[in-house]
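Chain order of the listed sequences is D and L.
1 is the number of the first residue of the first sequence in our numbering; add one for each residue after it.
1001 is the number of the first residue of the second sequence in our numbering; add one for each residue after it.
Bear in mind the hints are in silico, worked out from the structure with no lab data behind them.
Remember, predicted model here, so these are calculated numbers, not experimental data.
Treat the hints with caution; some may be incorrect.
Said to hold, decoys possible - Calculated lysine-lysine pairs in the PhoX-like style (CA-CA distance at most 25 Å, straight line):
#	chain 1	residue 1	chain 2	residue 2
1	L	K1102	L	K1020
2	L	K1338	L	K1392
3	L	K1082	L	K1020
4	L	K1273	D	K158
5	L	K1338	L	K1102
6	D	K158	D	K177
7	D	K160	D	K177
8	L	K1275	D	K160
9	L	K1308	D	K158
10	D	K160	L	K1273
11	L	K1275	D	K158
12	L	K1308	D	K160
13	L	K1273	D	K177
14	L	K1275	D	K177
15	L	K1324	L	K1338
16	L	K1102	L	K1324
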Amino acid sequence: MHLLAYAIAAVLYLAASIRYAMRFARARPGATALVAIIIYAGVGFHLAGFALYWVRFGEAPLVGLGPSLASLSLLVALAIAGMGLFSSARPVGLLLAPVVVLFLLLALVIGIHPTGSELEFRGPWLLFHISLAFFGYAGWVVSAAAASMYLLQFRELKHKRLGAVFQFFPPLETLDKLAEWALVIGFSAMTLGLAVGWAWTIRFEQALRISDPKVIWGVLAWLAMLLALWARFSGMRTNRQAALWNVVGFAVVFLAYFVARMLIPETQFFL
Amino acid sequence: MPFAVVGLNHRTAPVEVREKFAFASTEMTDALARVLEGKGVAEVALISTCNRTEFYLHLTEPEEAISHVIETLADQSGELPKPADRYLYVRRGSDAVQHLYKVVSGVDSMVLGEVQIQGQVREAYETARSLTGQRQAVRAVFNRLFQSALAVGGRVRSETRLSEGAASIPSAAVELARKIFGSLRGRRGMVIGAGDMGELTLECLVDEGVTSVMVASRNMARAQKVAEKFGGSSVAFSDFWDQLPEMDIVITCTAAPHAMVTLEEFRRRMPAKLKSPLFIVDIAIPRDVEPDIGELPNVFLYSIDDLKTIVTANHERREAELPKAEAIIEDEVDNFWKWYSGLRAVPFIRRLRDRAESVRQTELERAFKQLDHLPATDRERVERLTRDILQKVLHQPTARMREAAGDGREHDILEAARYLFGIEEGGDV
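Given only the sequences and the hints, what does the whole structure look like? Please build it.
Rendered as structure tokens:
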């Protein structure tokens, strides 16, 4: 039953992505309320899938690649739904909706069911740790998407090319603020998530396993977010440079994840 | 032909003639009342903007009424280089309806697709509606006509791109500023030079929320006048550099023969890295701002040619949308005309309903005499039952008769109905 709810959500997100793309291709200004409604419907089914999974398996879909992707995509979809309330921010879904579709389809292909991974600490602390980390990653995905759009819109305005990007994308100021807020929220959640994970690993194992690839990757992601924040708030960089740091940092961590998964396939990544 | 529009617009008369025909808002109701006094005018509305003055008429005696309106317009204009009727046009019947729909959609506007006209037509309609009693200017037909016209305007704007994109230099500047800053509320703007186009652009920006307006000009009196108009402050031309780092938006429009804002001076006076964007609109010819400044980080420099390119591209895009807009208008004119033609069946329908109601009342009275024992609540129920049956039985023929009248088939259908129900034309039941 939970799979059906997830599948319907994926179809709705796909419809929203197509709608975004069509409007962008026609160089229409902004996204309509209809696309926001489709996203809300998708989020409704997505939440239903999440709840049904929890009821069926007795745990939140946070452990194993499939469930993790499904939950991470839910957070990104919730962010799009939140932006849907503000017509000026709505077009950011052009980049984010396909990401949600991709994550959710991957999750469905891999299988959304408990993997039986034996993690050292289950229960509420695992829930806190992984949920906060997911909030962090979701915030960063949103921030990187807004920053990418900022760079594109900036380029178009500088070069006086007033085509589809100019028409459809939000104003620079909106994108800048969105990237900033998403990064601040993402970083705060990530910091808390790492702290919870660290504290409880020490409690259970009396030591932090520094050599664990997922720990290294988590810390790398946190450092990259810290650098992006520094670029934004240090006053030494322009808004465009801050956006660039944001996007490059995200790309580096994203690539590091794939490299780590390919080189060390046996490692227990929760993503 | 029961409808007509009489008037002039930007196509038939130059501005110096149009302004003579224009009615101030305080003169509108008197003008409407005067037209209503004429013979054969059932309803009237007046649209008077800087680009058009038009009387819309619902007529019972067309030719006399139209002559009266032409006289009213001629009186308003006073002396003209040519006779008044040389500037005027008269459109009749469905052409008049189509004309109103084109006007409200911005299809007939000087700036194709402009949106202000929708509000101006709404105001004209409200003004005409404000006349009541003996001098009532708007009744059922004009209510329907103007409400449908406003809906057509909305439909054209939502279903086509006729009103998208800036259509003038100042609005192009505003559109760009909004893409950089989002909301312009609280932004600081400066105009250097205070020429007419600069003032117009500043006005548009202030309308969008720009505050802290500053005007720098060699002519201090002019600078003060413009600054006062927008609640801002003036500054000596030589001091504008001191204010520039505080600004978000700068409009330059001096008559200087060379660039006043040079790259060298800009680098010397402005911070090396601008933290927030600076939008410069250079509408002077020759240019006031060296183009290399536009290459600096966070500086968005647009010349008048850049803005013209935007306006031209938008205009071409709007032109390409015309066929779609016209198709919608055609469609809606047909709908209105069907509704209006359907009114021809109304007298017959009224007589049919009156007769049915009279039969119901008579039969009910007779029945209640025999059912004396029925309590009041049951009588009410029976009463309601008979009314509902009547409504349901008559609904279909009524709708079909309206439809037939709308399609121009009312003659045969109404003849058949008269024969079947025994209702004489124009007579009593």
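Checked hints:
Under the criterion of a C-alpha separation no larger than 25 Å, the hint pairing L:K1102 with L:K1020 is consistent with the structure, at around 24 Å. Under the criterion of a C-alpha separation no larger than 25 Å, the hint pairing L:K1338 with L:K1392 is consistent with the structure, at around 24 Å. The straight-line distance between the Cα atoms of L:K1082 and L:K1020 is roughly 13 Å, inside the 25 Å bound, and the hint therefore holds. Distance check on the hinted pair: L:K1273 and D:K158 sit about 16 Å apart at the alpha-carbon level, within 25 Å; holds.
Among the hinted pairs, L:K1338 with L:K1102 is consistent with the structure: their alpha-carbon atoms are about 19 Å apart, no more than 25 Å. Note on D:K158 and D:K177: the hinted pairing holds, with a Cα-Cα distance of about 20 Å set against a maximum of 25 Å. Using a Cα cut-off of 25 Å, the hinted pair D:K160 and D:K177 holds, with the two alpha carbons roughly 23 Å apart. Of the supplied pair hints, the one linking L:K1275 and D:K160 holds, its CA atoms being roughly 21 Å apart against a limit of 25 Å.
Restraint check: the Cα-Cα separation between L:K1308 and D:K158 comes to about 17 Å, which is no more than 25 Å; the hinted pair holds. With a CA separation close to 21 Å, the supplied pair D:K160 and L:K1273 stays within the 25 Å bound. Among the hinted pairs, L:K1275 with D:K158 is consistent with the structure: their alpha-carbon atoms are about 16 Å apart, no more than 25 Å. About 12 Å separates the Cα atoms of L:K1308 and D:K160, which keeps this hinted pair within 25 Å; it holds.
As the CA atoms of L:K1273 and D:K177 are separated by approximately 19 Å, the hinted pair is consistent with the 25 Å bound. A hinted pair counts as satisfied when its Cα atoms are at most 25 Å apart, and L:K1275 with D:K177 qualifies at roughly 14 Å. A threshold of 25 Å between alpha carbons decides the hint, and for L:K1324 with L:K1338 the separation of about 21 Å falls inside it, so the pair holds. Among the hinted pairs, L:K1102 with L:K1324 is consistent with the structure: their alpha-carbon atoms are about 12 Å apart, no more than 25 Å.
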